[in-house]
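Here's the letter readout for the chains.
There are 2 protein chains.
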Amino acid sequence: MDQTSIEDPAYHAAVVDLLGVLAYGELTAFIRMAVDSDAAPTLALKSSLAGLANTEYAQYRLLVDHMAARGIDAEVAMGPFLVPFAAYHARTKPRGWVEGLVKAYVGDGIAKDFYREMSVFVDDDTREVMASALDDAGEAEFVVRVVRDTLKTDPTASGRLALWGRRLLGEALSQAQAVAVERDAMSALLVGGGVDLGEVGRMFTRLTDNHQARMARLGLSA
Amino acid sequence: MDQTSIEDPAYHAAVVDLLGVLAYGELTAFIRMAVDSDAAPTLALKSSLAGLANTEYAQYRLLVDHMAARGIDAEVAMGPFLVPFAAYHARTKPRGWVEGLVKAYVGDGIAKDFYREMSVFVDDDTREVMASALDDAGEAEFVVRVVRDTLKTDPTASGRLALWGRRLLGEALSQAQAVAVERDAMSALLVGGGVDLGEVGRMFTRLTDNHQARMARLGLSA
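Protein chains in written order, with the numbering used here: chain A, 1 to 222; chain B, 1 to 222.
Hints listed in this document are in silico derivations from the structure and should not be mistaken for laboratory results. Do not take every clue at face value.
[As the list claims (entries may be wrong)] Distance windows between CB atoms, simulated:
1. A:A69 x B:E139: 17 to 23 Å
2. B:D149 x A:V83: 21 to 27 Å
3. A:P9 x B:R70: 54 to 60 Å
In this text, all values refer to a predicted model and were calculated from it rather than measured experimentally. Beta carbons are placed, not taken as given, at the ideal position from N, Cα and C, and that holds for glycine.
Here chain A stands alone, though its shape is the one from the complex (with noise of 0.2 Å):
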């Protein structure tokens, strides 16, 4: 993307969007993460999900910090996606502490290949600092043991979190597409960027197809 785009102030409503529900979605995560850690059986989990949660944290202070230097205000970017935000945690409160594990892998999944998608359509800049604040360097994948040791020794569990599972990416989409319809600036960098409908399709099946890749690893059908 060139230098007159970036000053378009389209293109900037666009960026400053993306920047604000990325920030405020690793905020929530933080805060999320940080809650069910409370919640953990061990020490050794609850530990692993603070630090989860602290790399969330992290990644929060990324964007905040590369916003300002950009002159954006985070919090006024922020601002339009409390409610979405709200509205998709409180339609997906977990039932103890495995369900809050898979929501923590599979809906933050489904959010960072979200961002990633978008990521395409932005300047070289927010771009990279787009990568950085999605690279989780795998510390996640502790999320993958614990669910299928779940898996092992309770029966019902299986039936259970793939539905919880398919609940999470219905809720993620509804909220995403609802985002799309109020944030006009963020859905024309789609089409701006030369997006027809077929691609925005083809999107939705590479979301839809990393998820069913992510519950597969977890050994769950999705």
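With chain A held as given, fit chain B onto it using these hints.
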């Protein structure tokens, strides 16, 4: 403290206890502050409290890494303190956001003062990592402003929060007392360090003086 005493098993046990209680205290503080940040009334306060939580986590990591480097199993070291901390937090559940902030400021202040007092009796290496783990770089000072603003607008807050501060001090000392009875090695550090009862008394005077000073900074009577 010379090298001989570092190799003394009783001294070693005391250091393991000290690092364990400090680390678990930081992990618990991280979780409590993150949970409180969830309830913060504004995005700015949510972000500030999340930052404070994050600092606690970084200090926790520092201690865990230090223990690993010294061949100390951090989980084992933290084990004895799960119950006292759970008891303290169960007995000091904040009713509302401002009580949570006062707890973060006052409760953490008391704990950190206590660890600083104990760090006088350990070897240089341990003292150094403890000092790093105890330095919050004044990050908690935003609490002063929030509490003082609350006192201006809510006429009942002053009495209620003063009472709350006294309760926090009482519960903290009562748990410290329970730990001291339970953990011989750590108590012996005081006595073995040539500390007489008069000095222990003076230490408690310093702790309560500092508590009073912190309450005064918040605009509250102790």
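What hints, given by number in increasing order, does this structure fail?
When the structure is compared with the hints, none of them turns out to be violated.
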